[in-house]
Amino acid sequence: MKKLTKLGAVSALSLMVAASASFAENIKIAFIDPLSGPFASTGTNGLHQFEFAADHMINENGGVLDGQMFEIVAFDNKISPKESLIQLQVAIDQGIRYIAQGNSSGVANALTEAINKHNRRNPDDRVLFLNYAAVDPALTNDKCNFWHFRFDANADIKMDALTDVMAKNEDIKKVYVIGQDYSFGKAVAAAAVRDLGSKRPDIEIVGNELHPIGKVKDFTPYARKIVSSGADAVITGNWGSDMLGLGKSVIENGFTGPIYTYYAAGSGITGAFGESGKGVIRLVAQGEINPPATDAAKAFYDGFLAKYPDGNVDQSRISNVIGMLAQAIEEAGTAEDVVQVAYALEGMEYDSMWGGKIVMREKDHQAIQNVHIHAHTDEGITYAYDSSDFGIVVESTVEMAAMDSPTTCEMKRP
Amino acid sequence: MDLILVNLIDGLVTGLLLFMLSAGLTLIFSMMGVLNFAHASFYMLGAYFGFQISLALGFWMGLLIAPVIVGLMGAAVERYGLRRVHQYGHVPELIFTFGLALLIEELVQFVWGKNQMPYDIPDILNFTAFAIAGNSIPAYKIFMIFISVAIFIGLLYVLTKTRVGMIIQAALSYPRTVEALGHNVPLIFMGVFGVGTALAGVAGVIAGPVLGTFPGMAFVLGSIVFVTIVIGGLGSLWGALVASLLIGWITTFAKSYNIAMSDVLGAVGISPPANLDDSLLRDLWTVTSPQIADILPYILMVLILIFRPSGLFGTRNS
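Sequence order for the protein chains is A and B.
Take any residue in the first sequence, count from 1 to its spot, add 42: that is its number in this note's numbering.
Take any residue in the second sequence, count from 1 to its spot, add 2: that is its number in this note's numbering.
It should be emphasised that the hints constitute simulated quantities derived from the structure, not laboratory data.
Beta carbons are placed, not taken as given, at the ideal position from N, Cα and C, and that holds for glycine.
Be a bit skeptical, because a hint or two may be false.
Quick list of in silico lysine to aspartate or glutamate cross-link-like pairs, EDC-like style, CA-CA up to 20 Å [to be verified]:
| hint | chain 1 | residue 1 | chain 2 | residue 2 |
| --- | --- | --- | --- | --- |
| 1 | A | K320 | A | D431 |
| 2 | A | K257 | B | D125 |
| 3 | A | K454 | A | D108 |
| 4 | A | K216 | A | E246 |
| 5 | A | K228 | B | D285 |
| 6 | A | K259 | B | D285 |
| 7 | A | K320 | B | D296 |
| 8 | A | K120 | A | E155 |
| 9 | A | K120 | B | D285 |
| 10 | A | K259 | B | D125 |
| 11 | A | K320 | B | D125 |
Just a few of them, taken from the derived set where beta-carbon distance is under 7 Å, the chain A residues facing chain B [what the hints assert, rightly or not]:
| hint | residue |
| --- | --- |
| 12 | G79 |
| 13 | K259 |
| 14 | V269 |
| 15 | S271 |
| 16 | G287 |
| 17 | T298 |
| 18 | A314 |
| 19 | A374 |
| 20 | G375 |
| 21 | E441 |
| 22 | A444 |
| 23 | P448 |
The following label-pair restraints were derived from C-beta to C-beta distances [claimed, not checked]:
| hint | chain 1 | residue 1 | chain 2 | residue 2 | range |
| --- | --- | --- | --- | --- | --- |
| 24 | B | V304 | A | A338 | 57 to 63 Å |
| 25 | A | P123 | B | W287 | 52 to 58 Å |
| 26 | B | A141 | A | D420 | 48 to 54 Å |
| 27 | B | V166 | A | D420 | 36 to 42 Å |
| 28 | B | A141 | A | K124 | 43 to 49 Å |
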């Protein structure tokens, strides 16, 4: 009995010490993304942008609350959901309360489920999931939960904007849809078929297929099918080396129409496409890079490029993740109680560095913002990618895209 | 019909590229009895060196110089690494090459970063050679075919018709006798290892612009190279060629045609269950050939190992 009391006293004391120690510590954000393997470049660029945004926007301005600094802690998940769950556990064990992840919706699906479960079982040790790039619509629909926030426009919203633009192009009669064989690729394909069907029923979908993710060595056979199908345009959600492999192959084998993409910029892809991608690659994304929208955005890009001369600001929405989190922590008055922070994030209206507003929709935690269609070109470029002459320029804009779009999310709040 | 011809050409290009990689690997294996896990890493080095040299001196100098550098590095690895490890047996050798592969990947990331490199096809070859029913065949592909075939013929000639080839072949089977005749066997080993890695380097230089030059490129090709030499028969040059072409064509055709598993099963008279969603075998029924194209070589390997363990052209067990 005595032993037990002693044990209790010691553990209570150590808990107190740990709690008071963590109060003075940095606010840590676990960055769980691929830092090795075929998608390493995408993950590493994201990490750099997180680190820069934290320093540039928060730490250099004195931090949040009483001078608490943001600290990004990197975890390599090798793009594997299984590995991600292990890293998540490590991060939680280290006392980290904010989990940032973006590459691969497959990973995001695993993480959101694990975090939901963890928070239910450990009410004293909850964490928030800051999803900065995984755009599978299910994450803010059927699989939504209170702990998950998505800062990127989801695949449906992007496809909505993309098909708005395509619908106006009378030259497009046949479309080929191709993507990676997992939840996100399927979501893109489904959205493309649905949106084109309702906006331009005369457009024929001449191909709709999925290929294994990260395993295709040579995309030539796929390119052959696309060319011989007589398609006028291609839609793909591919990213990383899959995007480059597919795009290069399609162009090399004689395709001249537009390729509408989600992720064909930066991370070496723009540089590798170079001249061949001009007039072909179209990209849907939020946050204009060229022309720079505001002085704040300009300062951000300049600062980032000064620190990472070879880097790209290809995921500038990361600045919103950091900015909105900081604002939420200020409003909640605490970084420890993530329930308060989550309530502050819900419904938040945030002035982005691009000048526009971003609304974190309360009912499903989906950020609503302006979405642009960019063109890959070397004309009118202030901020090129990959130390090349090429970059992306805004061609058209959809204001507050899909603001009233329906959601099937039924969120349980603590 | 036209598409078949186009696919034959595409498969040929893929296959011949694979051959260049596996030829070096199978040469090294037959000589030292060691599966060089770092072989695909030398291919990656070839691509990166080729890219770097092409920035300064153009593509053609890259094609000339990069394989030489890779070959010299390979020779150095044999001389100062493998030869020392060799005395402890095969397992340490395997582990050594495995470690080397990881080291090279880290090194490449350290020097060039993790991004894709803008390594492009040279302008002089950047045009359409000809088109078959609207499918253009890039001139670069024709160039790749010529290089690969030239290398195969060259290798075959050196190995079977020249004095050097005879000494090498003799050194593979009877190293002590050859040594007693006054030939420097360790030097021959080093030379063959160097040539083998240089071949991987050539493959890297010419594949880099087409398949992408990035730190994961060795990883993506690593395992398929071993599959190739197992199917072909370890140590056989002809086997490597036939297996490479076989794999090239199988994967290309499987990706080009959307053959659904249900069609195949239907053709042999098995009809799908009434309600697919309830069936345990649902995935089997809905799978299509492009989805499993990259697994087919592995299935082929397993079948070969079961029915002909020495490979198509292998002589090791006889």
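Each hint tested on the structure:
| no. | hint | result |
| --- | --- | --- |
| 1 | A:K320 x A:D431 | holds (11 Å) |
| 2 | A:K257 x B:D125 | violated (29 Å) |
| 3 | A:K454 x A:D108 | violated (32 Å) |
| 4 | A:K216 x A:E246 | holds (5 Å) |
| 5 | A:K228 x B:D285 | holds (16 Å) |
| 6 | A:K259 x B:D285 | violated (24 Å) |
| 7 | A:K320 x B:D296 | violated (31 Å) |
| 8 | A:K120 x A:E155 | holds (19 Å) |
| 9 | A:K120 x B:D285 | violated (26 Å) |
| 10 | A:K259 x B:D125 | violated (23 Å) |
| 11 | A:K320 x B:D125 | holds (16 Å) |
| 12 | G79 | holds (6 Å) |
| 13 | K259 | holds (6 Å) |
| 14 | V269 | holds (6 Å) |
| 15 | S271 | violated (10 Å) |
| 16 | G287 | holds (6 Å) |
| 17 | T298 | violated (11 Å) |
| 18 | A314 | holds (5 Å) |
| 19 | A374 | violated (36 Å) |
| 20 | G375 | violated (39 Å) |
| 21 | E441 | violated (33 Å) |
| 22 | A444 | violated (31 Å) |
| 23 | P448 | violated (26 Å) |
| 24 | B:V304 x A:A338: 57 to 63 Å | holds (59 Å) |
| 25 | A:P123 x B:W287: 52 to 58 Å | violated (25 Å) |
| 26 | B:A141 x A:D420: 48 to 54 Å | violated (25 Å) |
| 27 | B:V166 x A:D420: 36 to 42 Å | violated (51 Å) |
| 28 | B:A141 x A:K124: 43 to 49 Å | holds (44 Å) |
Hints 2, 3, 6, 7, 9, 10, 15, 17, 19, 20, 21, 22, 23, 25, 26, 27 from the list above are not met by this structure, while the remaining hints are.
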